[in-house]
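J.: Chains as they are written, first to last, in the working numbering: chain A, 28 to 326; chain B, 338 to 431; chain C, 118 to 377.
Among these hints, one or two may not hold up.
Claimed, not checked - Here chain B is said to cover these stretches of chain C; the calculated rule only asks that three of the stretch's residues, wherever they fall, bring their Cβ under 8 Å from a Cβ of chain B:
no. : segment
1   : 239-247
2   : 273-287
3   : 312-320
4   : 323-329
Please keep in mind that the hints were generated in silico from the structure rather than gathered at the bench.
Here the structure is a predicted model, which means the values were calculated and not measured.
Built from N, CA and C at the ideal position, the CB exists for glycine as well.
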Amino acid sequence: MSEERKEFWRWPEYRWVNPDIDWTKGKVITAGVDVGSVSSKAAILVDGELYAYDYMRTGASSKDSAIKAMTWLLEAIEPKMKLEDIHYIVGTGYGRVNVPFAKRAITEIACHARGANFLWGPTVRTILDVGGQDVKAIRCDEKGKVISFLMNDKCAAGTGRGMEVFADLLGVPIQDIGHLSLQVKEEPPPVSNTCVVFARNEASALLRQGWPKEQVAAAYHLAMAMRMVELLERLGVEKDLVVTGGQSKNIGIVKRVARLLNIEPLPNPTKPGYDPVAAGAIGAALFAKALYEREKGVK
Amino acid sequence: MKAHYGYRDGSGAYFIIIDTDKCDGCGKCVEACPQGVLEIVPNDYDIEGGMMAAVKEEHRWKLKYTCGPCKPVGKQVTPPCIAACPKGAIEHSW
Amino acid sequence: MITAGIDLGARTVKAVIMDGTKILSKAITITGFEQKQSAEEALNNALKTAGISRKDIEYLVATGTGRKVCLEPPISANREVTEVIADAAGAVFVHPATRTVIDVGAEEGRAARVDEKGSVKDFVINERCAAGAGTFVEAMARALEVRVEDMGPLALKSTRSIPMNAQCTVFAESEVVTLIHEQTPKEDIAKAIVDSMAARIGSMVRRVGIEKDVVLIGGVAKNIGFVEALKRELATDIVVPPDPEFVGALGAALIAARKE
Numbered sequence: 028m029s030e031e032r033k034e035f036w037r038w039p040e041y042r043w044v045n046p047d048i049d050w051t052k053g054k055v056i057t058a059g060v061d062v063g064s065v066s067s068k069a070a071i072l073v074d075g076e077l078y079a080y081d082y083m084r085t086g087a088s089s090k091d092s093a094i095k096a097m098t099w100l101l102e103a104i105e106p107k108m109k110l111e112d113i114h115y116i117v118g119t120g121y122g123r124v125n126v127p128f129a130k131r132a133i134t135e136i137a138c139h140a141r142g143a144n145f146l147w148g149p150t151v152r153t154i155l156d157v158g159g160q161d162v163k164a165i166r167c168d169e170k171g172k173v174i175s176f177l178m179n180d181k182c183a184a185g186t187g188r189g190m191e192v193f194a195d196l197l198g199v200p201i202q203d204i205g206h207l208s209l210q211v212k213e214e215p216p217p218v219s220n221t222c223v224v225f226a227r228n229e230a231s232a233l234l235r236q237g238w239p240k241e242q243v244a245a246a247y248h249l250a251m252a253m254r255m256v257e258l259l260e261r262l263g264v265e266k267d268l269v270v271t272g273g274q275s276k277n278i279g280i281v282k283r284v285a286r287l288l289n290i291e292p293l294p295n296p297t298k299p300g301y302d303p304v305a306a307g308a309i310g311a312a313l314f315a316k317a318l319y320e321r322e323k324g325v326k
Numbered sequence: 338m339k340a341h342y343g344y345r346d347g348s349g350a351y352f353i354i355i356d357t358d359k360c361d362g363c364g365k366c367v368e369a370c371p372q373g374v375l376e377i378v379p380n381d382y383d384i385e386g387g388m389m390a391a392v393k394e395e396h397r398w399k400l401k402y403t404c405g406p407c408k409p410v411g412k413q414v415t416p417p418c419i420a421a422c423p424k425g426a427i428e429h430s431w
Numbered sequence: 118m119i120t121a122g123i124d125l126g127a128r129t130v131k132a133v134i135m136d137g138t139k140i141l142s143k144a145i146t147i148t149g150f151e152q153k154q155s156a157e158e159a160l161n162n163a164l165k166t167a168g169i170s171r172k173d174i175e176y177l178v179a180t181g182t183g184r185k186v187c188l189e190p191p192i193s194a195n196r197e198v199t200e201v202i203a204d205a206a207g208a209v210f211v212h213p214a215t216r217t218v219i220d221v222g223a224e225e226g227r228a229a230r231v232d233e234k235g236s237v238k239d240f241v242i243n244e245r246c247a248a249g250a251g252t253f254v255e256a257m258a259r260a261l262e263v264r265v266e267d268m269g270p271l272a273l274k275s276t277r278s279i280p281m282n283a284q285c286t287v288f289a290e291s292e293v294v295t296l297i298h299e300q301t302p303k304e305d306i307a308k309a310i311v312d313s314m315a316a317r318i319g320s321m322v323r324r325v326g327i328e329k330d331v332v333l334i335g336g337v338a339k340n341i342g343f344v345e346a347l348k349r350e351l352a353t354d355i356v357v358p359p360d361p362e363f364v365g366a367l368g369a370a371l372i373a374a375r376k377e
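Given the sequences, and given the hints that come with them, work out the whole structure.
T.: Dropping the structure here:
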């Protein structure tokens, strides 16, 4: 697997600081750090407004990744912000995560929902998070509180990894595979197997039968989209729907999910800094604010 | 809040569903499970906190296999975790 | 009475020709894209070895994933039966003390409890997930860069147990690659692979209950690393008959003799 292909869901590392906020004038400064299996994000809120966030690749140690994400973000802030200037930090991410400087750890699902509510607003009720290695579905209320969730933790079908296996088969770069799947005049039936290993064999046979690449891509994407929809329907889908995670950038998947549910997901927010990738970290920072205010007896 | 732990693969959907609105973290299910699938953890979904039952991480991707022995073929058996829960907070999707 | 059984599996087609309870010939071919052609080839090879022609076969029973295709000409099987039924009949024939038969094929794993007559009492199938079948072993062998047939002996060389976390074939492949990068000795990885398979198959078998004698058939039964791992997992002795992958077709041929 070439480094280049690996990059698809590993967007380049970056950081953003809100130029319109002077953090020294803020009353409550909180932060969230989200250490995932693939990427780590840190976010800082000033009085509940998004001040800064970054996105980095998770290294071998999740503890180090948390420290790196926070340090790299702080470096970009003027005037200089130190860790001690932050009133409350919450850690989240894959597993009961190791963010050494966090006061508390909160599960990624809760943080993700809170973050989605922040990014898209109180109309969000259903979140489909399609990552590199797992699929999560979340139902939340208007405050971003989780009503139900489902973590699909074993099967590669519907994950970025499952898509990569397929891209390898077709010899098409993964960033183009979604577009390719849409180049069919008529949607073929889905591949019958959703087990990626068997689906790959099935797709291989279809190619040998003379199916053009875009048709095979369409059949595979449809099967994967159906799998995601099935997971969502286990929880029940309520508008508004948002799709997050690396696979949200696969237009072949997003369009099919929308079509199968007959619900158009909300487009990505346009406000600067409002990046879905940071939903978990932002949610964690929001929890930090609530916990801090509760501690201080403020409301 | 209903938490679905588990997965869907080519052969079926295997989820343990815990209703945290009903669960009070009593831990009877943890004791009842012969495979050590469950644990009691802080309930982060409610900022008021409290404790709740959850499926241990290392079991979330092999529930079909771990829970297999508690689901003998040809018999209708209530799995011990469900039987032990006084609040009816646990469900299995298979 | 000359009968034949064809087991059209996901990876190979097995044909067995019998005269009463005497095996006349066996043949195996790879299941190609054209299933019927592959089945025909296997049958023709078996006929040639037995020195007879298709007309001499009084009754032909087909089993395996492609069994319905065998009902059509030129094979024109008289009947088809499920793999579980064929496995049960075949296992009890080769080993009359069989009470639990486990069949791990290329794409499916099955277990059944049977009685002394070879009738099925309870059964369970692990289907549509590659991790519960031979496909898993194949994929891991590729990742480990060993031949499938060498995986078993390699696993037996290992002296320690390392866990394999991934339950999905696709993720397990990545896990193997990581282990290789970490300089884990290949035999230990091979053992982790067979242990991982054994845990899944073992869990499936426990659902029907374990009753001795336990017999293992199917292509994966030829993997001695897996057999040992399954013995450990089930804490019981396991019988692997010779030519384990033919037992299904053999069972089909026996059922043909009963003309049921």
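J.: Does each hint fit the structure? Answer for all of them.
T.: Consistency of the hints with the structure:
no. : hint    : in the structure
1   : 239-247 : holds (count 8)
2   : 273-287 : holds (count 4)
3   : 312-320 : holds (count 3)
4   : 323-329 : holds (count 4)
Checked against the numbered hints above, the structure violates none of them.
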